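Novice: Each chain is listed here by its residues.
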Amino acid sequence: MIRSSRSEYLTAAVLMAPFVVIYGLFFVYPTLRMVELSFTNAPLIGPGKWVGLDNYFRLASDHLFSTAIWNTIYFVILSVVPGTILALVIALGVYRLKGWLQSIVLAAFFLPYILPVSVVYRIWGWMFDKDFGVAQYLIAPLNDGQRLSVFRTVPLFMPAVAFITVWWCLGFSLLLFIAGLRNISREIYEAAELDGAGRWIQFRRITWPLIWPVTVLVFTIQLILQLKIFDQVYLFTQGGRIDANMVMVFYILREAFQLNKGGLGAASAVVLFVVIAVLSVLQFQLLRAREGR
Amino acid sequence: MIRKVLFATLASMALTVSAARAEDTIVWWDFLSGGDGVRMKSMLDEFNKEHAGKVKIDATTSEWGTPFYTKVQTAAATGQGPDIMTYHESRMPLGVSEGVLSPLTPEELAAAGIKASDFSPANWKAAQGPDGKQYAVPLDIHSIILYYNKDLLKKAGLLGDDGKPKGLDGVANFDAALAKLTANGVYGLSVPNDGGSGWRIFYTLLNQEGGQFLKDGKFLDGDNLDKATTALAEMQKWTKNKWAPTNTEYPASIALFTSGKAAMHINGVWEVPTMVDLAKKGQLFDWGAIQIPVLYSQPATWADSHSFAIPDRKGNPVSPEKRKLVLDIIHWFNQHSLEWAGGGHIPAYLPVQESAEFKALKPNSDYVSLAKTAVFDPVSIYAGVASPVYDASGNYMIPALNGEIAPADAAKKIRDDLQALTK
Amino acid sequence: MSASVQSADLVAAPATRRLTRLNQIDIVGLLITLGTLIGAIVWAFPLYWGLITTFKHEYEIVRPGVQLWPEHFTFENYVHVLLQTKIGYWYINSLITSGAVTLIVVMMAAGAGYAISQLNFPGRRFFWWMILASFMVPIPALIVTHFIVISQLGLINTLAGVVGPQLIAPVTVIIYKQFFDSVPKDFREAAVIDGANDFQLLFRIYLPMNWGVTTALAIITFIGAWNLFLWPFLAVSSEDKMNITVGITQVHDNFGVSYGRDLAVAMLAALPVALIYLIFQRRVTQAIMLSAGIKG
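Protein chains in written order, with the numbering used here: chain A, 74 to 366; chain B, 57 to 479; chain C, 10 to 305.
For the record, the hints were derived by calculation from the structure and aren't laboratory data.
Since the model is a prediction, treat every value here as computed from it, not as a measurement.
One or more of the hints may lead you astray.
[Said to hold, decoys possible] Here are the computed lysine-lysine pairs in the BS3-like style, where the Cα-Cα straight-line distance is at most 27 Å:
| hint | chain 1 | residue 1 | chain 2 | residue 2 |
| --- | --- | --- | --- | --- |
| 1 | B | Lys296 | A | Lys203 |
| 2 | B | Lys296 | B | Lys210 |
| 3 | A | Lys203 | B | Lys298 |
| 4 | B | Lys211 | B | Lys418 |
| 5 | B | Lys211 | B | Lys337 |
| 6 | B | Lys206 | B | Lys97 |
| 7 | B | Lys271 | B | Lys418 |
| 8 | B | Lys415 | B | Lys337 |
| 9 | C | Lys95 | B | Lys97 |
| 10 | B | Lys112 | C | Lys95 |
| 11 | A | Lys122 | B | Lys479 |
| 12 | B | Lys110 | C | Lys95 |
| 13 | A | Lys203 | B | Lys370 |
| 14 | B | Lys110 | B | Lys274 |
| 15 | B | Lys370 | A | Lys122 |
| 16 | B | Lys206 | B | Lys222 |
| 17 | A | Lys203 | B | Lys337 |
| 18 | B | Lys210 | B | Lys220 |
| 19 | B | Lys105 | B | Lys206 |
| 20 | B | Lys220 | B | Lys378 |
| 21 | B | Lys206 | B | Lys317 |
| 22 | B | Lys298 | B | Lys110 |
| 23 | B | Lys181 | B | Lys171 |
| 24 | B | Lys220 | B | Lys206 |
| 25 | B | Lys211 | B | Lys236 |
| 26 | B | Lys274 | B | Lys189 |
| 27 | B | Lys236 | B | Lys274 |
| 28 | B | Lys112 | B | Lys210 |
| 29 | B | Lys112 | B | Lys211 |
| 30 | B | Lys336 | B | Lys206 |
| 31 | B | Lys105 | C | Lys95 |
| 32 | B | Lys469 | B | Lys274 |
| 33 | C | Lys95 | B | Lys378 |
| 34 | B | Lys236 | B | Lys171 |
| 35 | B | Lys293 | A | Lys203 |
| 36 | B | Lys370 | B | Lys220 |
Model the full assembly from the supplied sequences, consistent with the hints where possible.
Specialist: See the structure below:
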């Protein structure tokens, strides 16, 4: 195996070049630039003055930013926890089915996941429509017979968007759970059944401990994904109470693009960046721990 | 022979090709949807037909308000964007401060035949920046009005012999009228619950009390805060007493009125075509529209103005040839603004505004009086469409209207939020 | 039904006591199956309801009551949308940008994955760590500086500008590297002895051996690019450069708002990804497992 290391370097350089160019341009540079920008008072496009930590102090005292953080956390709790539990429950049900029936049922649960957010927005906007939405037949009886504008009622906004998000994203978690269930050997269940273990005992003693790692995986993936919530909130809040429904990515967009404060927008982006990076490191450690087993 | 025919065909084809080449395309952005959109679309079609082979306007309509103005700003900053766009005069100070507007020189304006004397002085001046340069040319003046259902008002004894409502002036009378009209599942009033509408009504009431929203760089200073509270409290009273429904989306608020489920409706003049068209189809009761009643000490109505402007596309300015075409287009639209007036607006162009045709136009003539006491948004980089003031309305005025926060708290929050921006 | 048969088969032990117990359990099992089926119908209902609405006339759409099938089947909403909006442009733009993203990402990732997996060169570990690091970066946090970069490149409001920031796809590189790692060394050694160079190795052995992975990655990348909203929404301002997810929510047509048309345009936007899923169901599933770190 004698190969000139020079030609190997050359080959590597050619193969790595597109990657290096793209990463330099769209990952490394923007990341560094974002940090730099966060210390200036620059507009979105154009130069600015160095202002030190001013932008960060402004964020700390801006009640809209704290609203954005709280709403983001609130949304994550509302969407990730029920989404994970529901996906597991449905996975247990779907897993019992066989053949074409399983394919159809799985497709029914999975199909929403591959839709563009704009389509989800249109479908649910229509479902919940105050005047003609079919969901009003369920909502009105709970509201003294009055139809309700779900997306214009502040306390209902986040739960409604979280509900739609669960509907939209469940398919992803469902697939992971089903794969996890398939990995559990049938023999374990057979042995348990011979011992006279009932359905619940089997779930508690076998399924749950073995599916637990997948649950953690699903949970962390969804957690990181939903922290980046923007699209649904933006689309559904258009024309409504923008600041009551503010979330972090929306805040970045608002400062940088709508109010033309590039520096402040970058500073809020850095905060989101740090939060997600920390969580991702934790997720990565979990994954490594799993693979190490 | 065949050759001759072939040659002639080729020659004529060549001619049409070169004619097609000579056609200039002007990119146009606006935010006009609903009734306004329909009217503007037909005016654009008319313009394109009239100028076929010479100029073609390629129009895009975006979502009104923040989405539109955000797009304009980011496009201009990166050398993109249209050749001509609609722009609110209320937003002129903010637009100039963002550097998204390109000044129109006196020579350009004169060359296109656009004269300051063809506009009312205040209207013309509102399109200027703090530097005194002209940044836009107004197309209209628009305001909010009170739409009413004649049948329902008559039943409640609130209709005069002239077909106009009577006894609505003064808070006590207005409230009493709403109470009387609210019966049998019919609301006395419907108003759209969006930030823009909230601001328009609030600002009207505040000015009727003689209040000033912004004075010497201070928002709701001194007793203006109390006046703002009074205005918001009155708005909250409407929903609290169930005279008006809560959380009414813009289209729903109109539907409530047109379906006879609300006796009166406060909204912009731009919804006049909605009523006119429905009435034409025989799907609407006998209706009318008047200036907002005077609830407090003096008449006043919020007003704004749609104007035309050229964006300052950084590094890629609109070419002089196109600028010339754009100014001609602006002039054409002003000369044809009688059609635009059919959309409920008052034309900014005085030769049309003072014409006999406009004076005869119904229902415009019933509320045109409001122009004399119209109040425009504060001249400030914090005011105008898609500005912090409009945001504050969506965030505090609408919740106050719906009874979610106390009027005094809302007024204080509005003041504090806006004042914080000036620091 | 079939589930209960299955569980009965599994437990062949013929103890009478257990059999009676099993019968009880089967009722529970049937209930679970029934619940799952009802759940699936509920889950799919919004999709059905959105779709069926597009085939109704507007007066039928706003009529009270739940009409599960149109009284008068119509295509007028689709005809209107296809003729009166720029949906054709948006479709083409979406196809071009998603296609370009898919092609570039797959080629770049295969190359980089191969180099990191099979070659020795200075900086190899550094690049690997960088890829793992970029996995942790929330792309939406970079919108501000992405906009600045694209503007400096003069690519705002161009399709290339839409494509650019979407090319960061660390997961794809990681997956390729892992799959190339697991190709047996014997193949490589034999080919090298035959005088094959690394490009031949990549294109003749490593890629063909992992053809399924490439298909799966290409499909999921395409779906992701087709569905992306935030960046195309920021990068494009003129109507004829928009992709379909942006166009259908940001452009207000001048012909009055209509539920039927709004939904028709949404259904058209969903059509390609729905078809891809229905045709390549297994590949989509595989790709999702791969991206979550579970080898499919």
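Novice: Given the hinted pair Lys112 of chain B and Lys95 of chain C, is their alpha-carbon gap at most 27 Å?
Specialist: holds (17 Å)
Novice: Is Lys298 of chain B close enough to Lys110 of chain B, meaning Cα to Cα at most 27 Å?
Specialist: Violated - the C-alpha atoms of Lys110 of chain B and Lys298 of chain B are around 57 Å apart, more than 27 Å.
Novice: Lys296 of chain B and Lys203 of chain A: Cα distance at most 27 Å?
Specialist: holds (21 Å)
Novice: Does Lys336 of chain B pair with Lys206 of chain B here, judged by a C-alpha cut-off of 27 Å?
Specialist: holds (16 Å)
Novice: Given the hint that Lys206 of chain B pairs with Lys317 of chain B, does the C-alpha gap stay at or below 27 Å?
Specialist: holds (13 Å)
Novice: Does Lys171 of chain B sit within 27 Å of Lys181 of chain B, going by the straight-line distance between their CA atoms?
Specialist: Status holds; Cα separation ~12 Å.
Novice: Between the alpha carbons of Lys211 of chain B and Lys418 of chain B, is the straight-line distance 27 Å or under?
Specialist: holds (24 Å)
Novice: Below or equal to 27 Å on CA atoms is what counts here, so check Lys293 of chain B against Lys203 of chain A.
Specialist: holds (23 Å)
Novice: Holds or violated: Lys122 of chain A and Lys479 of chain B, Cα atoms, limit 27 Å.
Specialist: Roughly 17 Å separates the two Cα atoms, so the pair holds.
Novice: Has the given pair, Lys112 of chain B with Lys211 of chain B, been kept, meaning a C-alpha gap of at most 27 Å?
Specialist: violated (52 Å)
Novice: Next pair to validate is Lys206 of chain B with Lys222 of chain B; report whether the Cα-Cα distance is within 27 Å.
Specialist: Roughly 11 Å between the alpha carbons, so the hint for Lys206 of chain B and Lys222 of chain B holds.
Novice: Lys274 of chain B and Lys189 of chain B: Cα distance at most 27 Å?
Specialist: Since the Cα atoms of Lys274 of chain B and Lys189 of chain B sit roughly 26 Å apart, the hinted pair holds (cutoff 27 Å).
Figure legend: structure checked against the earlier numbered hints; hints not met, in rising order: 6, 7, 13, 14, 19, 20, 22, 27, 28, 29, 34, 36.
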